Amino acid sequence: MHDRRTTTEHDKHDRVLVARFAAGDAYPAELVEAQLLIDRCDECAALASDIALISARTSELPPIRRPRDFRISPEQADKLRGSWFDRLMRGFSNPGWSVVRPLAGASLAIGLALVVVGALPLGSLSGGSALEVTPGISSQLGGVPPTSNAFVSAPQAPSTSEHQLDASSASVVPAASTGASKAGGESTALPGTAVENGGSPPANSPTTPDGDLVASSQPAPEFGSSPSAVLASAAPTPEQAFAAPTMPPTPAPRAAAPVSGQPSSPDSASGAGPDKPTLVVLGMIIALLSVLVLGLAIVARRRYSDPLVR
Amino acid sequence: MEEIVRTPVATDSQATDSTPPDDGSRIARRTTDDPSNVRDRALVERAVAGDLEAFNELVALYQGYLFSLVVRVVNDRESAADAVQEAFFSCYRNLHRFRGGSFRSWLTRIALNAATDILRYRKRRPADPYPEWEDDAWQPPAGEEASPEREALRRSTASIISRALAQITPDQRAAIVLYDVEGYDYQEIADMTHVSLGTVKSRIHRGRLALRDLIGTDVELLRD
Chain A
1 MHDRRTTTEH DKHDRVLVAR FAAGDAYPAE LVEAQLLIDR CDECAALASD IALISARTSE
61 LPPIRRPRDF RISPEQADKL RGSWFDRLMR GFSNPGWSVV RPLAGASLAI GLALVVVGAL
121 PLGSLSGGSA LEVTPGISSQ LGGVPPTSNA FVSAPQAPST SEHQLDASSA SVVPAASTGA
181 SKAGGESTAL PGTAVENGGS PPANSPTTPD GDLVASSQPA PEFGSSPSAV LASAAPTPEQ
241 AFAAPTMPPT PAPRAAAPVS GQPSSPDSAS GAGPDKPTLV VLGMIIALLS VLVLGLAIVA
301 RRRYSDPLVR
Chain B
1 MEEIVRTPVA TDSQATDSTP PDDGSRIARR TTDDPSNVRD RALVERAVAG DLEAFNELVA
61 LYQGYLFSLV VRVVNDRESA ADAVQEAFFS CYRNLHRFRG GSFRSWLTRI ALNAATDILR
121 YRKRRPADPY PEWEDDAWQP PAGEEASPER EALRRSTASI ISRALAQITP DQRAAIVLYD
181 VEGYDYQEIA DMTHVSLGTV KSRIHRGRLA LRDLIGTDVE LLRD
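Chains A and B, in that order, are what the protein sequence lines are.
Under the working numbering, think of the first position of the first sequence as 1, with each following residue one higher.
Under the working numbering, think of the first position of the second sequence as 1, with each following residue one higher.
Just some of the chain A residues that point at chain B, by a computed CB distance under 7 Å: (1) S59; (2) P67; (3) L308; (4) V309.
Think of the hints as simulated: they come from the structure by calculation, not from any bench.
Remember, it's a predicted structure, so these values are computed and weren't measured experimentally.
All C-beta atoms, glycine included, are put in the ideal place defined by N, C-alpha and C.
Put together the whole structure using the sequences plus the hints.
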């Protein structure tokens, strides 16, 4: 028997710790404390003993007879299998397809963006459109035609001001650079468009053996021609643009010179990207397909996923 | 590759011979080449290919075990039967999603989900349960060596435990049944019930404390 004081003390003991100890699940740091509780408190010792006994008796519970046979009949099996559409939708409801919904959502956004971009009156979608609107930008940028190739080679080419500073040391500066500085000087003297200046060729434009710029030997575009056409005539071909300034001059670039009034390459300033109707149609197709897949995924998840197989 | 699985594989044919595992044999390391796993995988492959007989072989192997487990969790024979039937239906529909491992554990998980659904439904719409411990219509046959007194004592013990089990929380009950009755280890129970290992241990220990409080002085009847 325990007196009141002992019972009160037992109430303060950690019963869960005793239960863990009885099950052999006590942490090593708790073992000493649990052992002390069982050694010094009869209630805790009885609790541990009872828990072990209950656990043992629980494991001896007899099985319970099933009330019926749970085997599946062929009719039930046919019904459970469902139609091909049901099987397809069940396939969509698999957890492995959970990535489809965010992907479909993303492609839907992309499709809608394409439709909006294609439908808005933003002008041509190529990089040259802005220059067509404000042709003066070309000269403000040092007279470099706005071709991607020119910008790629820009770090290799000294700026116009550098050319002017180095003009006195012409023996060191390559002939092409000298020509470029001349052209740049002209563009500075006549602030306007590169079109009006006949175009300022890139610093690494190919030159003739005499050091003359190829572009300067081309027929100058006529005033009044469309800016894009003129820009196209001023733009170097990719071969010209990638030619290093220090390369020995060869006559080959002259043969590769573009014909005036025609785009020199698909990447030239005239722009050959997808036109607006194509973008709109493409965006609509992507959006419609995305909506279809998204709808299928949602319906499959809501109606065909099995909550029991989580 | 090894996985931790319970040692005893109580199939329907063994259902009347319930020999609970002791602590030493509870956690046993078995390879995935365990005969029961190999047999189950072969049956699953045949069933996925459309062989209904193969699936019904699986049902025959596990229906007794599954019903015995679920009825202890839901405390209602009819609800348990419905849950087991639904579990087998669901298993048949989703057999292609079985990714290997222990088919028994996978099936148990489905059945426990069905049992949880029933408990949830019952919580919303309370009704008079039909506790398993009130059903004395059938008991496993006694062995030849069992005396009438011993058999009566065993029934009394089972009745006391079952009454107490019916009164603890469903989570604690499921954890104790899975651990003590069915012999799963902590990690398997955690996987089946979608909770952490610590939660499983806590449920088991607190559930045992609750059982002890509920059984009270009758605990002396449990001693031999």
